[in-house]
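Trainee: Start from the sequences and build out the full structure, keeping to the hints where you can.
Protein chains: 6
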Amino acid sequence: MIETVLFAELAWPQVASRIAAGAPIFLPIGATEQHGRHMAMNVDAVLPTAIAERVARRVGGLVAPTIPYGNRSQPKTGGGRAFPGTLDLTAATFSAVVRDVLLGLFRHGAQRIVVLNGHYENISPAIEAIELAFDAIGRDRADGLIVLRLDHWDLIAPGTIDRMFPDGYPGIELEHASVIETSMMLALRPELVDLAAAVDDGPAEFVRWERYGAPTPEVPASGVLSMTKGASAEKGEWLLHDIVEALVAAIEREFASNQRGPA
Amino acid sequence: MIETVLFAELAWPQVASRIAAGAPIFLPIGATEQHGRHMAMNVDAVLPTAIAERVARRVGGLVAPTIPYGNRSQPKTGGGRAFPGTLDLTAATFSAVVRDVLLGLFRHGAQRIVVLNGHYENISPAIEAIELAFDAIGRDRADGLIVLRLDHWDLIAPGTIDRMFPDGYPGIELEHASVIETSMMLALRPELVDLAAAVDDGPAEFVRWERYGAPTPEVPASGVLSMTKGASAEKGEWLLHDIVEALVAAIEREFASNQRGPA
Amino acid sequence: MIETVLFAELAWPQVASRIAAGAPIFLPIGATEQHGRHMAMNVDAVLPTAIAERVARRVGGLVAPTIPYGNRSQPKTGGGRAFPGTLDLTAATFSAVVRDVLLGLFRHGAQRIVVLNGHYENISPAIEAIELAFDAIGRDRADGLIVLRLDHWDLIAPGTIDRMFPDGYPGIELEHASVIETSMMLALRPELVDLAAAVDDGPAEFVRWERYGAPTPEVPASGVLSMTKGASAEKGEWLLHDIVEALVAAIEREFASNQRGPA
Amino acid sequence: MIETVLFAELAWPQVASRIAAGAPIFLPIGATEQHGRHMAMNVDAVLPTAIAERVARRVGGLVAPTIPYGNRSQPKTGGGRAFPGTLDLTAATFSAVVRDVLLGLFRHGAQRIVVLNGHYENISPAIEAIELAFDAIGRDRADGLIVLRLDHWDLIAPGTIDRMFPDGYPGIELEHASVIETSMMLALRPELVDLAAAVDDGPAEFVRWERYGAPTPEVPASGVLSMTKGASAEKGEWLLHDIVEALVAAIEREFASNQRGPA
Amino acid sequence: MIETVLFAELAWPQVASRIAAGAPIFLPIGATEQHGRHMAMNVDAVLPTAIAERVARRVGGLVAPTIPYGNRSQPKTGGGRAFPGTLDLTAATFSAVVRDVLLGLFRHGAQRIVVLNGHYENISPAIEAIELAFDAIGRDRADGLIVLRLDHWDLIAPGTIDRMFPDGYPGIELEHASVIETSMMLALRPELVDLAAAVDDGPAEFVRWERYGAPTPEVPASGVLSMTKGASAEKGEWLLHDIVEALVAAIEREFASNQRGPA
Amino acid sequence: MIETVLFAELAWPQVASRIAAGAPIFLPIGATEQHGRHMAMNVDAVLPTAIAERVARRVGGLVAPTIPYGNRSQPKTGGGRAFPGTLDLTAATFSAVVRDVLLGLFRHGAQRIVVLNGHYENISPAIEAIELAFDAIGRDRADGLIVLRLDHWDLIAPGTIDRMFPDGYPGIELEHASVIETSMMLALRPELVDLAAAVDDGPAEFVRWERYGAPTPEVPASGVLSMTKGASAEKGEWLLHDIVEALVAAIEREFASNQRGPA
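Protein chains in written order, with this note's numbering: chain A, 112 to 374; chain B, 112 to 374; chain C, 112 to 374; chain D, 112 to 374; chain E, 112 to 374; chain F, 112 to 374.
Honestly, the hints are just simulated from the structure, not real lab data.
DEER-style ranges, computed between Cβ atoms: (1) C/Pro301 - B/Glu329: 36 to 46 Å; (2) C/Val310 - D/Gly282: 52 to 62 Å; (3) D/Gly282 - A/Ala325: 54 to 64 Å; (4) B/Glu345 - E/Gly249: 51 to 61 Å; (5) A/Val359 - F/Glu345: 43 to 53 Å; (6) B/Glu345 - C/Ala193: 38 to 48 Å; (7) C/Ala360 - B/Arg364: 44 to 54 Å; (8) D/Gly282 - C/Arg252: 37 to 47 Å.
Quick reminder that beta carbons are idealized off the backbone N, C-alpha and C, glycines included.
Mentor: In structure tokens:
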């Protein structure tokens with residue numbers, strides 16, 4: 112069978128030996144959400160999956176199947192549920208999925224797990240999921256289990272942001288479907304991006320509150336919260352490089368004292 | 112952007128127009144479950160996804176992201192949770208995921224949905240999920256929504272079974288990780304199968320009850336419930352052909368009276 | 112007080128001593144579901160209750176109160192919810208009831224429990240219920256608890272089927288409200304059967320998928336999935352004999368190594 | 112088939128016609144709970160079932176299957192969960208069962224439902240269940256549905272209490288397993304009562320609070336909260352008469368303006 | 112910082128030392144519910160909070176933040192949800208809040224907790240909450256935790272009732288918004304009472320059942336179930352005195368054997 | 112009765128008339144969470160409550176009872192659950208409370224609701240709560256209901272931040288228990304702050320991920336994430352002024368087109 116870091120592409124004896132050797136397990140959590148007229152809806156799943164694969168190859172890890180549906184899309188962070196095509200889960204459902212997968216990994220002896228997120232709205236219910244998993248296991252019976260949780264964009268180096276946005280950075284809060292995500296998609300899955308279809312109707316200028324029961328007219332009609340101009344595959348590789356290196360370093364730091372087996 | 116039938120590889124305006132034109136939407140539901148020493152753990156996800164893609168190309172449909180984690184694995188149908196690597200969801204979690212995705216599709220106007228299953232244990236909680244979706248919508252407000260649910264193996268033609276098993280068919284209830292699944296995997300993803308690693312320790316002879324709190328020693332140690340001998344990519348294509356043709360026919364029959372738009 | 116195997120007809124000190132002596136506890140799970148124009152709606156409750164009583168008398172067991180409402184009726188296995196009178200539970204509710212009763216029995220020290228099912232749709236949520244009970248107890252704290260789960264019809268001997276259906280067996284999947292159930296009801300509760308009211312509108316020829324949001328016209332209007340012709344009390348006793356003997360043997364086999372007290 | 116008021120002993124066409132004619136439906140809710148050393152544990156199920164049957168015969172109603180497991184037993188009202196044999200449900204489970212049955216009855220067109228309770232601890236979660244059913248239906252779509260809820264002991268006439276307790280009434284709050292319940296069981300199911308086994312260790316003198324995490328030593332060891340002395344079948348009939356007459360009157364009063372069909 | 116018995120008005124090191132010293136923790140549970148035309152809607156929160164503060168000062172305890180929303184208001188005990196302004200929780204929500212707070216207190220080492228209730232409808236779901244907390248902790252791992260639960264009105268001395276109602280007591284079941292509650296509010300928060308606005312339209316004469324799907328015309332239009340006449344601050348102090356003294360005594364009795372630290 | 116904007120301090124007829132007149136309803140959502148050695152644990156409840164009261168007086172609104180327990184405290188935003196005294200709710204419980212209160216307000220006819228948050232971890236489950244409320248109501252039946260949700264700190268004017276932090280702003284993400292919150296508490300409840308007890312052990316320098324199953328040593332031992340130095344009541348009034356003015360303006364803008372009655 113193939114050389115792979117994908118958990119589900121292995122046969123069970125291979126998974127068993129990798130877990131026994133202390134392999135970190137990555138759980139990418141994504142979304143199926145509009146990402147502008149110029150890009151596929153699987154961006155939030157593609158990016159953490161690809162990053163997890165690169166890191167797993169570096170650290171001897173495995174990548175569990177990506178959760179392809181995320182927590183409810185919100186207007187100010189993803190355009191919201193009004194956009195056609197966005198398919199999401201309630202917070203309770205999303206948390207339950209992540210909790211159940213974590214419990215399964217723990218049951219099989221995994222003690223080093225990285226929940227790698229690609230969708231802003233997943234942050235809070237993923238935290239809740241991890242808490243629920245520890246609640247179910249019992250804090251005093253978790254036996255060395257460590258779960259790291261992070262958002263890939265948080266690992267971008269400040270210097271890279273400066274290089275990418277010489278005219279000023281609109282801020283991560285407007286990056287949905289914008290230069291950062293578009294660049295990484297161009298680097299990873301260029302066939303899922305069509306810059307010619309991009310519409311320049313941003314950036315959004317949001318009010319400092321949210322409305323429910325009424326539309327959020329500040330969301331650009333394209334679904335791109337700031338802009339796509341300037342996106343490139345080369346910049347995408349800059350970003351992926353930052354994130355992968357930072358994540359490798361994080362894993363080495365956090366899991367060093369938790370070694371099991373030869374790794 | 113690429114020609115694709117994958118829902119999440121489209122940009123949102125494309126999804127919108129395809130749904131408006133009446134495209135059937137396929138939701139493959141899978142699992143991450145041991146499938147013997149010779150095969151990857153993603154069989155139950157790979158098969159319904161591949162079948163859905165083939166059928167979608169025939170009928171102008173779209174394939175929503177596959178749910179990669181299934182309902183709790185059971186010894187008599189999948190080897191059970193004791194096998195390393197099997198990651199599953201509680202029934203409530205699994206049903207909630209399927210329900211939420213169905214509600215999202217309905218919200219976007221989809222009226223023809225096919226839930227295509229690859230994992231035995233998913234049958235009942237997928238039914239519950241569909242019922243819960245209709246409960247949430249309101250039976251009297253569902254406005255033409257039709258959801259079909261099926262298991263791919265049920266569409267295999269009896270004649271094909273006879274050709275595949277000239278010495279007698281052990282029965283579908285023992286087909287987990289066995290000739291049928293292995294053959295289709297050889298046809299679709301041969302790199303995920305290593306027949307040399309197959310162990311001939313079946314078929315299982317189960318008692319007519321289930322035990323909890325005690326092991327199920329009748330499960331062959333390999334995790335293959337009947338046998339892998341005789342599996343081939345050619346036979347895999349026979350099976351896929353049967354299933355695809357039967358599903359195309361089913362869709363034409365069931366959705367004919369439910370036409371929307373030009374299709 | 113009376114000689115009885117019914118758990119709830121005993122006073123509490125009697126239950127305490129019977130559990131302490133290692134009595135197996137039977138939990139019959141039924142349904143309130145249409146069973147044709149010729150038969151009462153309590154068939155799925157009456158049969159496992161009666162079988163459990165017979166077996167309990169043989170093995171020194173007790174029969175806990177039958178759960179009279181089952182998981183959602185489906186067209187292909189029970190006619191579906193469209194039939195007047197069918198009262199059912201969501202899967203989550205049904206599983207919660209079974210889980211709670213199992214937890215209660217475990218709390219009182221019962222270690223040998225048999226969940227005996229009479230309604231096809233109960234199978235999967237009863238399995239989930241047992242899993243949930245072990246989740247709640249903690250797999251490592253279950254302290255010898257063994258739960259068996261079975262469907263009474265699975266214990267019918269193949270030879271008996273041959274005797275009953277000399278012209279060929281339509282298959283268990285069509286037996287809802289048909290010869291097998293009707294015969295056992297004639298043996299046990301003849302006053303709840305009126306063969307004169309039976310309508311001969313089967314057998315059902317189902318398509319190989321399920322539809323939701325649309326009717327299932329293949330269900331015979333009577334609600335009988337195959338046929339009632341040929342049903343008799345005598346045949347009912349054949350069936351009950353098979354099931355009782357097989358269950359007694361199963362209990363002796365499975366619980367032998369789990370003896371507590373003099374039994 | 113037999114003359115019966117038991118919903119589940121009818122075939123579906125009979126249920127359909129009875130509901131169409133406006134038959135009130137009774138749902139007895141019980142428990143499996145210790146009732147002293149002298150009495151079976153099914154008292155809380157037997158009494159409301161028997162009362163419902165008597166009333167149903169008077170008013171042309173039907174009695175749905177009794178829910179045999181009740182909400183968690185508490186020391187001050189039922190002796191508590193420490194008594195062997197008491198099997199109960201969490202409040203959420205109990206409410207879900209009652210809600211689901213009510214929704215099923217509403218789906219079939221029933222508009223006059225009586226939830227008749229025999230177990231003190233069921234009161235509050237039964238109310239919640241009814242509220243949840245109306246929540247699920249939609250208050251503005253309930254279309255004439257009326258649900259009455261009551262506890263059988265509330266319908267005993269004050270004069271009867273005076274006749275039964277010439278030396279003073281200990282109060283309904285101590286009546287668990289005591290003279291009232293014992294008398295009605297003697298009238299209805301004398302084989303389930305053994306007055307010779309009764310122990311005279313009451314009445315309980317409870318403190319005015321409840322303790323959790325510590326025992327309730329005030330509960331008499333027998334489980335009888337006040338006394339059994341003076342119980343008789345004759346008095347049981349007095350009580351049943353009161354309750355049946357009052358319930359018939361209540362139904363006539365409450366459902367008069369809600370007539371459907373000839374009744 | 113101030114001398115206070117309010118848990119949330121302390122800084123965390125102060126809470127830590129008070130819990131370590133064995134301080135009993137009071138959790139007042141209230142409601143936001145109509146209390147007549149003459150009184151604020153926070154009565155059920157104000158009363159247990161004030162009582163808890165008085166008792167906490169006596170026994171060295173702390174008062175956790177009052178839960179201001181209670182379980183669903185019912186017509187016969189609080190006027191019901193039809194009254195404008197009443198804001199309540201489902202039973203499941205209410206129980207979850209109380210459970211979570213109890214689990215938090217246990218996590219911090221608290222072992223003596225008093226759940227002090229001011230709203231009739233909270234009784235049952237508060238009991239369930241305590242049971243759920245023990246379920247989550249594990250009965251065998253609760254490590255000395257004792258939770259008392261009580262309703263403030265149960266601690267009123269019989270003699271005080273006689274003094275207050277020389278012409279006869281309508282009974283506690285009609286005391287909603289009536290003389291007892293009004294008197295205590297006059298003693299504690301006179302600015303929230305306007306006796307001039309009281310309407311004399313009681314007492315209610317309820318039928319012995321509850322109706323759902325239909326109004327409860329027996330509820331007086333004012334929302335006062337019996338009467339306000341005769342209420343006074345002086346009587347309020349009589350009542351508060353009774354309750355505080357009885358609760359101090361109860362705590363001394365119940366927690367004596369559970370001493371930790373110097374208290 | 113008193114002049115008040117507190118919903119629960121009114122009698123029901125007053126609430127009824129205020130809602131009928133279109134009064135916006137404020138729902139403050141808080142927490143009981145450590146806020147350093149120098150400050151009470153109710154900061155997250157006190158601040159949004161006080162702000163809501165000031166705004167309500169300006170716009171003729173009412174303030175519903177503050178929810179005093181918040182969603183699970185996290186190390187990077189509130190110090191985490193390891194600090195003594197922090198009492199929190201699971202996300203599901205917190206969302207359920209907010210949902211139920213919103214549904215109650217909607218039931219009474221309120222159409223203009225402001226959920227005003229004081230605790231970072233509440234953001235996501237409050238959003239979910241609002242979504243769940245609209246799910247329960249039905250998006251098409253919400254009949255003009257508008258819910259605004261905001262965090263008070265988002266309404267601080269940038270110029271005020273500059274005035275407060277002439278040496279540079281550590282950023283809102285470190286403001287837990289720091290200058291901003293301390294200043295507002297000094298303005299509102301000075302008796303709950305003891306600057307002399309403040310410890311200067313910040314600011315926190317967090318890693319860009321979260322750990323579960325292991326401590327977060329980056330949290331300063333005091334629980335103050337950045338610093339308290341420079342806090343003053345005067346600055347607190349600057350902040351409150353900003354927030355109140357911005358919220359008044361937001362309400363005028365958002366609710367202008369939703370007028371009901373004379374306001």
